[in-house]
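Undergrad: Chain order of the listed sequences is G and Z.
So in numbering that gives the first Met the number 0, spot 315 of the first sequence is number 314, and the numbers just go up one at a time.
So in numbering that gives the first Met the number 0, spot 70 of the second sequence is number 69, and the numbers just go up one at a time.
To be clear, the hints were calculated from the coordinates, so they are not data collected in a lab.
A portion of the hints provided could be inaccurate.
If several chains are the same, the list does not tell them apart, and a pair holds so long as it fits within one copy or across any two.
Only pairs whose alpha carbons sit at most 25 Å apart, straight line, appear in this in silico DSS-like list of lysine-lysine [to be verified]: (1) 72 to 232; (2) 269 to 226; (3) 16 to 269; (4) 131 to 115; (5) 2 to 80; (6) 41 to 2; (7) 16 to 338; (8) 289 to 269; (9) 338 to 232; (10) 226 to 272; (11) 80 to 358; (12) 289 to 232; (13) 2 to 16; (14) 232 to 115; (15) 177 to 158; (16) 232 to 16; (17) 177 to 226.
All of these numbers come straight from a predicted model, not from anything done at the bench.
Protein chains: 2
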Amino acid sequence: MEKESIGRTQLRNRNLKLVLQQIINNPGTSRVAISHELNLNKSTISSLYNSLAEDHFIEELGEGASSNVGGRKPIMARLNKKYGYTITFDLGYRQVHAVANYLNSEVIDHQEINTKGQPIEVMLQYCSDFVKEMQGEVVSNQGLLGICFSIHGIINQNKIVNSPWIEMNDTDIVEQFKETFDVPVILENEANLSAIYERDFNAGRYYHNSITFSIHRGIGAGIILGKRLFRGKQGEAGEIGRSLTLLGPNTAGQSVESFCSEEAIINRVKQLKHDDTIDRQAVVDLYRSKDHEVMRILLQSCSVIAGLMYNVVTTLNPDAIFINSELLAELPDLLTEIKDNYQDIAQEELPIALTKNTKFATLLGGCSLITHYVLGMMDYELHFEEAN
Amino acid sequence: MEKESIGRTQLRNRNLKLVLQQIINNPGTSRVAISHELNLNKSTISSLYNSLAEDHFIEELGEGASSNVGGRKPIMARLNKKYGYTITFDLGYRQVHAVANYLNSEVIDHQEINTKGQPIEVMLQYCSDFVKEMQGEVVSNQGLLGICFSIHGIINQNKIVNSPWIEMNDTDIVEQFKETFDVPVILENEANLSAIYERDFNAGRYYHNSITFSIHRGIGAGIILGKRLFRGKQGEAGEIGRSLTLLGPNTAGQSVESFCSEEAIINRVKQLKHDDTIDRQAVVDLYRSKDHEVMRILLQSCSVIAGLMYNVVTTLNPDAIFINSELLAELPDLLTEIKDNYQDIAQEELPIALTKNTKFATLLGGCSLITHYVLGMMDYELHFEEAN
DNA sequence: TTGTAGGTTGGTTGCTTAAACAAACTAACG
DNA sequence: CGTTAGTTTGTTTAAGCAACCAACCTACAA
């Protein structure tokens with residue numbers, strides 16, 4: 000909403016970025032195509048294009064197909080992925096997951112190490128090592144451009160406000176990595192990154208408003224409205240796990256999270272089975288072996304999730320819902336259950352889909368976010384391809 | 000998000016609007032002040048300013064106060080309110096409310112007539128008459144600029160999708176009035192207009208994200224995110240009345256609306272008292288006379304509303320909440336009740352305020368909306384003053 | 001007290017600059 | 001030859017700049 004004034008230089012800058020956006024989102028486009036798309040004069044585009052080319056943002060692919068009535072063939076161009084690269088870490092409860100990507104989001108390398116029970120310092124040491132490794136290996140024009148951390152907690156103003164699963168010991172991740180590597184460092188909530196992934200990769204492209212439910216240890220949601228991530232006043236938007244399951248006089252209602260997060264479910268099964276070694280895999284196995292009690296607990300949870308979903312959809316009327324959950328990925332039956340429950344309540348069609356490749360989604364979301372940032376294109380819609 | 004390309008003309012146009020925005024939002028500003036605010040050169044501003052002046056958008060107020068160290072006095076300017084005027088109607092269940100406003104939102108005239116039980120055609124005939132009356136009376140530069148209708152129902156693409164209280168008989172309001180008066184005609188949901196009112200007048204100015212609960216016959220919410228009205232995929236965002244009060248296995252949970260809308264409350268009191276003549280005023284009187292059962296019902300409703308509020312706040316993390324309700328306006332005790340309940344659940348501070356002047360809020364919201372529209376400034380933040 | 005010089009701010013004017021634009025051109029095709 | 005892609009060269013236009021005038025203030029001297 001707050002429009003900024005535009006002088007001559009900002010005009011040029013903006014148009015430069017619009018051209019770059021075209022090149023990123025339509026790999027194998029040409030100058031004329033861009034000119035047509037942006038309603039700017041051919042010569043203007045040529046000028047802008049050449050500026051970008053000088054800065055090594057462009058990779059030319061030779062000639063494309065000419066039209067069927069003759070005429071010169073266009074020179075196809077796409078983003079020069081080797082302009083530079085970014086690194087994204089997911090600081091999980093059980094492990095650290097790391098990935099390095101070229102500017103077009105192509106994965107250069109990824110690693111995962113188990114850090115369960117380890118303090119944050121050890122996790123960050125691993126991250127630091129990974130960055131150094133990449134700096135030694137990856138060849139690119141500008142080198143490392145930026146780093147993103149996926150945090151399972153609440154982020155505000157690029158600071159961790161709340162980290163329920165990992166004790167942070169007042170560690171200032173941003174300061175530390177910015178200092179060491181001299182690149183921008185961004186922290187973002189894991190559910191938000193999942194949402195960004197859905198927006199910028201594959202499916203979500205055509206949806207303006209989507210909500211990504213992230214159901215792991217806790218329950219959160221990433222909210223995309225008007226193609227923009229909505230973070231709320233203090234970055235707490237989407238903390239739907241705290242929603243009440245019961246509105247009414249006895250306001251001491253249970254929160255959704257305390258009832259059907261993975262954590263809660265595992266605990267309930269633990270109690271039920273008097274077995275403290277139960278973990279997610281055990282729950283999955285029990286469900287698959289059609290254990291009656293476990294099935295009941297999970298189906299109950301699905302019903303609650305469906306209700307929560309209905310309430311959120313009712314307030315936001317989004318185009319689609321995504322769910323990012325390892326548990327559901329392993330037990331797709333439950334997705335059907337949720338969908339059916341939702342249908343019963345809503346009587347309305349709404350695309351509900353599982354996020355494919357649960358863990359990578361977050362990382363790629365982070366890759367997209369930091370890429371947007373380093374290009375100075377936070378408010379530009381960028382699409383990326385996910386390799387298969 | 001979708002950025003449009005900017006050529007020379009659009010640049011000029013945009014800067015023109017930015018200058019106009021400054022003049023609207025800071026009545027009694029000067030060229031230098033604008034130049035400073037927009038970071039554009041003095042001479043550039045002068046040029047833009049003069050263009051606007053030629054188009055009669057500007058009213059000069061003579062000289063302002065000079066600074067205490069000497070120097071020429073600035074020439075103060077504000078929006079020429081008599082550039083033109085807009086008209087807004089509220090098509091209520093019981094009455095039609097009409098208002099005409101100058102471009103600065105100043106009320107020229109307003110009327111209200113009782114139309115309870117009358118068909119839509121009669122209501123619109125009255126509206127039509129009002130417009131003609133204004134066209135005869137109001138003197139302004141450009142005359143009537145646009146018309147806005149506040150609809151107690153769902154609007155999508157400027158069409159009525161759902162009108163629970165008034166039978167529309169397939170009447171195409173937009174077509175009809177656009178045809179007759181040859182100006183833009185906009186329909187918008189009443190709760191959304193309330194939200195716009197809170198955003199553009201008085202209080203809400205400083206909030207980026209706010210939610211306005213409109214509790215009348217039904218329950219709806221207007222959602223302002225990033226200073227922008229959020230309408231959802233099909234304009235159904237904010238239909239929170241449909242939220243479930245209970246998430247869980249028996250998904251046939253009650254909707255909030257069926258439980259504590261004004262309609263529902265009155266019906267419950269009717270049943271309880273075996274008196275079919277009960278209306279809002281009767282409920283108010285009964286509460287004031289401390290009728291036990293009525294108090295119970297209302298307090299119960301407050302508790303549900305507070306829970307609903309908590310859930311919505313949990314998903315959106317807004318800066319503030321507004322409530323627009325005639326019932327609450329008459330019984331401010333209930334607001335306290337809601338606030339207390341909310342506090343109990345949330346344990347967090349959040350500004351919760353009643354909309355003053357319940358009925359006018361919607362109309363002024365409509366005025367703001369249509370004014371934005373006719374100025375071609377839908378995406379510009381405009382502030383208006385409400386006369387006292 | 002008055003008058004004038006010096007400083008300050010508001011706004012205009014005329015010229016410069018740079019980016020978009022337009023049209024004519026070359027290149028490369030069917 | 002017609003068509004399409006891209007470049008070149010020159011034009012237009014809106015922003016930027018610098019010098020200016022206008023209108024105010026204060027200080028201070030006659």
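Undergrad: With reference to the structure, classify each hint as holding or not holding.
TA: Against the structure, the hints:
{"no.": "1", "hint": "72 to 232", "in the structure": "neither (51 Å within a copy, 41 Å between copies)"}
{"no.": "2", "hint": "269 to 226", "in the structure": "neither (41 Å within a copy, 47 Å between copies)"}
{"no.": "3", "hint": "16 to 269", "in the structure": "neither (54 Å within a copy, 63 Å between copies)"}
{"no.": "4", "hint": "131 to 115", "in the structure": "within (23 Å within a copy, 75 Å between copies)"}
{"no.": "5", "hint": "2 to 80", "in the structure": "between (31 Å within a copy, 23 Å between copies)"}
{"no.": "6", "hint": "41 to 2", "in the structure": "between (28 Å within a copy, 19 Å between copies)"}
{"no.": "7", "hint": "16 to 338", "in the structure": "neither (41 Å within a copy, 47 Å between copies)"}
{"no.": "8", "hint": "289 to 269", "in the structure": "within (17 Å within a copy, 50 Å between copies)"}
{"no.": "9", "hint": "338 to 232", "in the structure": "between (31 Å within a copy, 20 Å between copies)"}
{"no.": "10", "hint": "226 to 272", "in the structure": "neither (45 Å within a copy, 51 Å between copies)"}
{"no.": "11", "hint": "80 to 358", "in the structure": "within (23 Å within a copy, 57 Å between copies)"}
{"no.": "12", "hint": "289 to 232", "in the structure": "neither (44 Å within a copy, 39 Å between copies)"}
{"no.": "13", "hint": "2 to 16", "in the structure": "both (17 Å within a copy, 10 Å between copies)"}
{"no.": "14", "hint": "232 to 115", "in the structure": "neither (32 Å within a copy, 42 Å between copies)"}
{"no.": "15", "hint": "177 to 158", "in the structure": "within (13 Å within a copy, 52 Å between copies)"}
{"no.": "16", "hint": "232 to 16", "in the structure": "neither (29 Å within a copy, 28 Å between copies)"}
{"no.": "17", "hint": "177 to 226", "in the structure": "neither (28 Å within a copy, 32 Å between copies)"}
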